[in-house]
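J.: Here's the letter readout for the chains.
Number of protein chains: 2
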Amino acid sequence: MGGDHGPPVVVPASLQVLKKYPCLHLVLVGDHDVLQKALQNQAYDASRLIIQHASQQVQMDESPSHALRSKKDSSMRVAINLVKSGHAEACVSAGNTGALMATARFVLKTLPGIDRPAIVSTFPTISRKNVRILDLGANVDSTAEHLFQFAIMGSVLASAVDNIQTPTVRLLNIGHEDIKGNELVKQAAQLLGHTKAINYAGYVEGDQIYEGDTDVVVCDGFVGNVTLKVSEGVIIFIRNLLKEAYSRSWWTKLVALVSMPILKSLKRVDPDRYNGACFIGLPGIVIKSHGGAKMRAFAHAIEEAIVQVEKNIPQRISVEVEQLLKLSSSETGQIKP
Amino acid sequence: MGGDHGPPVVVPASLQVLKKYPCLHLVLVGDHDVLQKALQNQAYDASRLIIQHASQQVQMDESPSHALRSKKDSSMRVAINLVKSGHAEACVSAGNTGALMATARFVLKTLPGIDRPAIVSTFPTISRKNVRILDLGANVDSTAEHLFQFAIMGSVLASAVDNIQTPTVRLLNIGHEDIKGNELVKQAAQLLGHTKAINYAGYVEGDQIYEGDTDVVVCDGFVGNVTLKVSEGVIIFIRNLLKEAYSRSWWTKLVALVSMPILKSLKRVDPDRYNGACFIGLPGIVIKSHGGAKMRAFAHAIEEAIVQVEKNIPQRISVEVEQLLKLSSSETGQIKP
Numbered sequence: 001m002g003g004d005h006g007p008p009v010v011v012p013a014s015l016q017v018l019k020k021y022p023c024l025h026l027v028l029v030g031d032h033d034v035l036q037k038a039l040q041n042q043a044y045d046a047s048r049l050i051i052q053h054a055s056q057q058v059q060m061d062e063s064p065s066h067a068l069r070s071k072k073d074s075s076m077r078v079a080i081n082l083v084k085s086g087h088a089e090a091c092v093s094a095g096n097t098g099a100l101m102a103t104a105r106f107v108l109k110t111l112p113g114i115d116r117p118a119i120v121s122t123f124p125t126i127s128r129k130n131v132r133i134l135d136l137g138a139n140v141d142s143t144a145e146h147l148f149q150f151a152i153m154g155s156v157l158a159s160a161v162d163n164i165q166t167p168t169v170r171l172l173n174i175g176h177e178d179i180k181g182n183e184l185v186k187q188a189a190q191l192l193g194h195t196k197a198i199n200y201a202g203y204v205e206g207d208q209i210y211e212g213d214t215d216v217v218v219c220d221g222f223v224g225n226v227t228l229k230v231s232e233g234v235i236i237f238i239r240n241l242l243k244e245a246y247s248r249s250w251w252t253k254l255v256a257l258v259s260m261p262i263l264k265s266l267k268r269v270d271p272d273r274y275n276g277a278c279f280i281g282l283p284g285i286v287i288k289s290h291g292g293a294k295m296r297a298f299a300h301a302i303e304e305a306i307v308q309v310e311k312n313i314p315q316r317i318s319v320e321v322e323q324l325l326k327l328s329s330s331e332t333g334q335i336k337p
Numbered sequence: 001m002g003g004d005h006g007p008p009v010v011v012p013a014s015l016q017v018l019k020k021y022p023c024l025h026l027v028l029v030g031d032h033d034v035l036q037k038a039l040q041n042q043a044y045d046a047s048r049l050i051i052q053h054a055s056q057q058v059q060m061d062e063s064p065s066h067a068l069r070s071k072k073d074s075s076m077r078v079a080i081n082l083v084k085s086g087h088a089e090a091c092v093s094a095g096n097t098g099a100l101m102a103t104a105r106f107v108l109k110t111l112p113g114i115d116r117p118a119i120v121s122t123f124p125t126i127s128r129k130n131v132r133i134l135d136l137g138a139n140v141d142s143t144a145e146h147l148f149q150f151a152i153m154g155s156v157l158a159s160a161v162d163n164i165q166t167p168t169v170r171l172l173n174i175g176h177e178d179i180k181g182n183e184l185v186k187q188a189a190q191l192l193g194h195t196k197a198i199n200y201a202g203y204v205e206g207d208q209i210y211e212g213d214t215d216v217v218v219c220d221g222f223v224g225n226v227t228l229k230v231s232e233g234v235i236i237f238i239r240n241l242l243k244e245a246y247s248r249s250w251w252t253k254l255v256a257l258v259s260m261p262i263l264k265s266l267k268r269v270d271p272d273r274y275n276g277a278c279f280i281g282l283p284g285i286v287i288k289s290h291g292g293a294k295m296r297a298f299a300h301a302i303e304e305a306i307v308q309v310e311k312n313i314p315q316r317i318s319v320e321v322e323q324l325l326k327l328s329s330s331e332t333g334q335i336k337p
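Protein chains in written order, with the working numbering: chain A, 1 to 337; chain B, 1 to 337.
Please keep in mind that the hints were generated in silico from the structure rather than gathered at the bench.
Be careful, since some hints might not be right.
Because identical chains cannot be distinguished in the list, a pair is counted as satisfied if it fits within a single copy or across any two copies.
[Unchecked claim] Below, simulated DSS-like cross-link-like pairs (lysine-lysine); rule was C-alpha separation at most 27 Å, straight line:
(1) 186 / 196
(2) 20 / 37
(3) 267 / 253
(4) 196 / 326
(5) 243 / 264
(6) 109 / 72
Given only the sequences and the hints, what does the whole structure look like? Please build it.
T.: Structure (structure tokens):
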């Protein structure tokens, strides 16, 4: 029910992915009548798609605490309950990020050793090696310890999914030198500099993220969210400039026609292809789609969930985090340097 | 002497701008022998270019406090002294940003009512109306009051330079809703929401910066610096993708040839064309060039200084800030909401 578009995007995207993956079963969670109506006159395998009614929905501007307290039958709450009870293996939502995170944390709890789950997504780079950035917006007032845990989780994720033995982890900063940065980053660098659990390689600046020398970039959720959205903004800007330039006259339109196959390489930076961020640090799979996602982008978020299920990500992270937990002597039971 | 390249970039850039502006006088500040050597065999109007020797230079990784304390004859210190004494109307440097800011603040002091100077620069947008973003890295642990002052200065700058009557000022945040954001942004929004001094229009998200609906975007220096550099990183990435795609075969090279005049429209997002950020909140003009700037980009930073001198920016900001200061009843003599 969430996102800027709701069922008119979520339902057709679901049907598309259902068609593509013959083993996939989907549960559409939300207002039964609305969903039923959206499914009318659509051809699909009814044995693999069911509707689970939820009488409430969390508004995009609702506070997470309010959603938790008074929306116990919201579509996102019911969907996450299905993950908790084992009736679903993953939950995908385009709804209110804060409420989704709070609900997921409340219902699923965090993995042992993890204070705060983070939002992580992959980005393309020049070197063709994807980079993972976290946190992308779950924690907007992080502490150095949180950044430390994000670094651990990001490293485990990169090694679990991409089979990178010792992923390179860097902290996002505004310079390379030790003196650069705010207090948060300097403290996190101190913590990370002392751990042997991961391959911490120092600072990375904003322009270097896309060079592809780093497997995991760690930052506070506010900074990560700005990084994500600014990147999208620049891509849309350039796409706009190209469109304008190529539609100026019959000649430019002709050039556009022959250029089209070449310009296809720009698809590598198409944000839709990277839609579907993962909530990491939970014992279940929760995928957050961009609120403004259109059909193709939302379909990609569902596919991201499928990958996470197939690769058994939470379990693998849990095991590796547990090992790190044993390594790091800690009285609190949290991962600490 | 500063930046990644030093005199080999600064000297030829200076000569280029000197040629373009017949009324311009330049003082090259730094090691006399090094600069003399860089000028050898170059044709230029010697009556408009002099060398001012400075025996020291601030390293790129030197702490601002160390530079202030023990580099009293550094090139940047001597250059800013020339502005202070009135022998120069502006200082342009590609050196250590933190040290340049600390030195400028120490030597020139801040304008009455301003706690902290900020770094501001203009960015192109889809709507062709430039947007100013501040702070871009002078203050990496800002308070809400600092953001409030940045908003005031940015608004005054936009109205002074672009003759916009009531510039639209927005706070960079990770969502539009009141509940979104970190504590800093929420507090700053409170302060700005209560002032009538400027046209505060709420939050702007990272992807909307480049839409061009906002004249001034205000953020903490850490976030602003990441915004600036991530933007550059994406532009370089896309430039790289295009270069690669167009050089794949004889056919793509041919298409590249006819596409070239069309692709020139991408120059609008060329970071070199926007090099030269302004230190705002000081009674003198100090322009910071990107450390990695090549000749054309550094020349643009010098031209930015010329614009600031011609438009008499610090004086205009000082007058407007003084008026705001009178408006806002304040015991501390600072601009407060």
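J.: A separate judgement is required for each hint: does it hold in the structure or not?
T.: Against the structure, the hints:
1. For the identical chains of this complex, residue 186 and residue 196 are intra-copy neighbours only, at 18 Å inside a copy versus 38 Å across copies, given an alpha-carbon limit of 27 Å.
2. Proximity of residue 20 and residue 37 under a CA criterion of 27 Å is satisfied intra-copy only: 23 Å inside one chain copy versus 68 Å between copies.
3. Taking the shortest alpha-carbon separations for residue 267 and residue 253, both the intra-copy value of 20 Å and the inter-copy value of 20 Å come in at or below 27 Å.
4. In this homomeric assembly, residue 196 and residue 326 come within 27 Å of each other (Cα to Cα) only inside a single copy, at 13 Å, whereas the closest approach across copies is 57 Å.
5. In this homomeric assembly, residue 243 and residue 264 come within 27 Å of each other (Cα to Cα) both inside a single copy, at 13 Å, and across copies, at 13 Å.
6. Taking the shortest Cα distances, residue 109 and residue 72 sit within 27 Å of each other inside one copy (16 Å), while across copies they are farther apart (57 Å).
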